[in-house]
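Engineer: Keeping the supplied structure of chain A fixed, place chain B upon it in accordance with the hints.
Number of protein chains: 2
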Amino acid sequence: MGKKLFLIAGIFFSLAPPAQTKDETFIRRIADEILVNSKAYDNLRTLTKTIGGRLAGSPQMYQAEEWGYQLLKESGSEHTFKQECMVPHWVRGGKDEAWAFPRAVPLRKTAEKIKRPLDITALGNTEGTGPGGITAPVVLINSFEELETKKDQLKGKIVFYNYHFNPRFIRTFEAYSDAVKYRTRGTSLAAKYGALASMVRSMSHSVDNNPHTGGMRYDTAYKKIPAVAVGLRDADWLAAELSKGSPIFVSLKTMGHFLPDAKGHNIIGELKGTEFPNEIITIGGHLDSWDICEGAHDDGAGITQTIEILRAYKALGYRPKRTIRFVLFANEENGTRGAAQYADEAAKNHEKHLLALESDAGGFTPRGFGVTCSDAQFEQLKSWAPLLEPYGTGRFTRGGGGTDVLFIHEKLNVPMAELLPDSQRYFDIHHARSDVFEAVNKRELDLGAVNIAALIYLVDQHGF
Amino acid sequence: MGKKLFLIAGIFFSLAPPAQTKDETFIRRIADEILVNSKAYDNLRTLTKTIGGRLAGSPQMYQAEEWGYQLLKESGSEHTFKQECMVPHWVRGGKDEAWAFPRAVPLRKTAEKIKRPLDITALGNTEGTGPGGITAPVVLINSFEELETKKDQLKGKIVFYNYHFNPRFIRTFEAYSDAVKYRTRGTSLAAKYGALASMVRSMSHSVDNNPHTGGMRYDTAYKKIPAVAVGLRDADWLAAELSKGSPIFVSLKTMGHFLPDAKGHNIIGELKGTEFPNEIITIGGHLDSWDICEGAHDDGAGITQTIEILRAYKALGYRPKRTIRFVLFANEENGTRGAAQYADEAAKNHEKHLLALESDAGGFTPRGFGVTCSDAQFEQLKSWAPLLEPYGTGRFTRGGGGTDVLFIHEKLNVPMAELLPDSQRYFDIHHARSDVFEAVNKRELDLGAVNIAALIYLVDQHGF
Chain A
1 MGKKLFLIAG IFFSLAPPAQ TKDETFIRRI ADEILVNSKA YDNLRTLTKT IGGRLAGSPQ
61 MYQAEEWGYQ LLKESGSEHT FKQECMVPHW VRGGKDEAWA FPRAVPLRKT AEKIKRPLDI
121 TALGNTEGTG PGGITAPVVL INSFEELETK KDQLKGKIVF YNYHFNPRFI RTFEAYSDAV
181 KYRTRGTSLA AKYGALASMV RSMSHSVDNN PHTGGMRYDT AYKKIPAVAV GLRDADWLAA
241 ELSKGSPIFV SLKTMGHFLP DAKGHNIIGE LKGTEFPNEI ITIGGHLDSW DICEGAHDDG
301 AGITQTIEIL RAYKALGYRP KRTIRFVLFA NEENGTRGAA QYADEAAKNH EKHLLALESD
361 AGGFTPRGFG VTCSDAQFEQ LKSWAPLLEP YGTGRFTRGG GGTDVLFIHE KLNVPMAELL
421 PDSQRYFDIH HARSDVFEAV NKRELDLGAV NIAALIYLVD QHGF
Chain B
1 MGKKLFLIAG IFFSLAPPAQ TKDETFIRRI ADEILVNSKA YDNLRTLTKT IGGRLAGSPQ
61 MYQAEEWGYQ LLKESGSEHT FKQECMVPHW VRGGKDEAWA FPRAVPLRKT AEKIKRPLDI
121 TALGNTEGTG PGGITAPVVL INSFEELETK KDQLKGKIVF YNYHFNPRFI RTFEAYSDAV
181 KYRTRGTSLA AKYGALASMV RSMSHSVDNN PHTGGMRYDT AYKKIPAVAV GLRDADWLAA
241 ELSKGSPIFV SLKTMGHFLP DAKGHNIIGE LKGTEFPNEI ITIGGHLDSW DICEGAHDDG
301 AGITQTIEIL RAYKALGYRP KRTIRFVLFA NEENGTRGAA QYADEAAKNH EKHLLALESD
361 AGGFTPRGFG VTCSDAQFEQ LKSWAPLLEP YGTGRFTRGG GGTDVLFIHE KLNVPMAELL
421 PDSQRYFDIH HARSDVFEAV NKRELDLGAV NIAALIYLVD QHGF
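Heads up: the protein sequence lines correspond to chains A and B, in order. Here this note's numbering is used: the first residue of the first sequence is 1, the next is one more, and so on. Here this note's numbering is used: the first residue of the second sequence is 1, the next is one more, and so on.
The hints are simulated quantities; they were obtained by calculation from the structure and are not laboratory data. Mixed in with the good hints, there may be bad ones.
Since copy identity is lost for identical chains, a pair holds within one copy or between any two.
As a list, the in silico EDC-like pairs of lysine to aspartate or glutamate whose alpha-carbon atoms are at most 20 Å apart [to be verified]:
{"no.": "1", "residue 1": "Lys39", "residue 2": "Asp208"}
{"no.": "2", "residue 1": "Lys49", "residue 2": "Asp208"}
{"no.": "3", "residue 1": "Lys39", "residue 2": "Asp236"}
{"no.": "4", "residue 1": "Lys115", "residue 2": "Glu379"}
Chain A extracted, bound-state conformation (with noise of 0.2 Å):
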């Protein structure tokens, strides 16, 4: 700006408010522009009732680029582009089924009364039974420490892993935490001893009985076996049954398989910066879901809220000292190349990122940010904290940040954030059919997008 005009600017300057009192005053203008006018909630129902699933790879995947694309440009993005990925490209390749019964005969020899149909879901990046199926017994295994006491009796059989979510953890992410690697990485542990399948109680406390799926691994140094997910009523049903000593045999068929990997993108909006252009701040959700579900609160919620962080500064004319990012992650669920590529092209570009922060814990009411940084810049926030409360997110907890900023974190050492919502019904629909729509309230995610803009504006006016 000219001479004349930062000498005006100047004045104004200090007849302002005292910063406290301008930042209080402007994330009061942010809270009531979204949550007057937000566009979130209009947004996610197109995204998951006419896009729908989309995992990485799929038709789904391309028409959702396309719209956040768009999206970003009709919200204010004032340099849009797409970040060129390889992304991995699973299919299902059918529908999985499951029957339990209680002898040794092919099913379809099996009489209809004594067939039991159980919910199930192929564990995503799964090779399927292929359309003849896999039949034997299933073994009950309740922990690892039990399996390595059954390993030699688990040739032939479908090892069925019935480690309960523990309800005692009050945030779900830990019971999440201590149960997920029955899914992870029971499978090969189960081939390793030469099962031809795997089952693993879906990851929830929900009380329906939705199959969850979710990524695993497989191990190259063992036989890469089907894996599916049963839902809760059924994993108790077969528990039960198991624990009376009844053998039950199980037939399954799922035709999971992979595709050569696909052209994907990361899909970004920006907001240039006027004093530190250089200096960027990243705001992402992940724009891939799995097929099963409409990816709602995984992760249409954090897409939804990233976008309508960006039409809510445009509204309200606010020009960013440092530069905005608002990025739609790739290929989160099952490979996170997005993530990756995202983390390469800044280390290529010498790009400075003050701060990478994901919302990928659906969008339930804030309660709160976590952020892995320096001590200094926890006291930063800290000092933040009272401008939150009044929105919800006062308490800031160390550690967190989410995949698809976990990337550039490692790489360049950027400090990283996750919104934290309140987690009491995530694990309810996460990864499972019930992850639609109707399960996201208008005001719960938009309240998400206020704390989200409110915490950039500090750091974007600040610094961090």
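Structural biologist: Structure of chain B alone, referenced to chain A:
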């Protein structure tokens, strides 16, 4: 206890860990017991699905009383009793109906194509239109100020109050406080100026069109005209049409009226205090609900939490120092006679009450407690905050208490408190047909019980 026992107890206590640790440990046990074994959700299913809506005086009120009485006994109440009170007996009397159309013709002669049904519900305690209904032009009124400016245009008309629930309030109860006067007082103000009926925009920011009923009061100086609430989408449509200047007529039919007062009861369970049996701590919710819903959040949640806390204390073998009362209050929604009776009996019996706490803000994730008490008591509460923080309610705010504990507070100056759950979803379903069992999340409900049980334990152990 005998002297020898007392000495032994003294030795035991001196060897016991410090109070803080003992409290921490016991609160953890409460949480584990409730999070693992709670019956609150199953009890809520029975109350809502088997009995359903249970307005004062209805057959369902009596069923709910009997259900509550038996359940308190089964849950370990040492002294279970019914406290009689006469309750008002308002009945809806039939189906509430409304149609809007652009011409002044009797409904039955209006062509189907120009009739638009409006989703409405008669407000509680109102007089009906009678079977012939009321048909009249509608006048849009956005505020009481506007009512005054239009007072000469209201004779023979239907007043439509379209005051919006203000989305800028972060805590939705503030939006309710701001708007609810149009429901409670608006009708008689319209009658004062000759209106034939009043319609009020529902007290909600929901995305659906369900109308929300609720109590209202007639000013006896004016004619008792019928009053209804309109669903939000229909209210938007009506306001848009009227704002264009289009004349709109509405035909209303409601059949509400009072029957003679009925005999109702507060249903009360007790755990007798082992050291200070005459010091009473009350926990409660209200057993009645509006007739058009299942009363799941309002207040099946408070009722089933109250009973769950009793069950958990007994399951843990907890023998309180003070007497703890578990109170299922009668007739909160349209008369508060149960609360008045409870206060009257406490006064008559010269009871000493330490604290009366209500859960009547929905079965959502607990965030804190609102408490009306002395400064010293508030300091005591704040000293307990670290013990409650891990479970969600480390935040105490001054003020609040709940309708059912207000009477004993006012009559005997008893400190009163209320559980403050997350408020974002409450007014989506409050007094609407969507307040059903399915709207309640099991863990959120249970966590409310955990936090109340923990606070009441602290009050019992340390006095107040």
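Engineer: Please name the hints from earlier in the document that this structure breaks, with their numbers sorted from lowest to highest.
Structural biologist: 4
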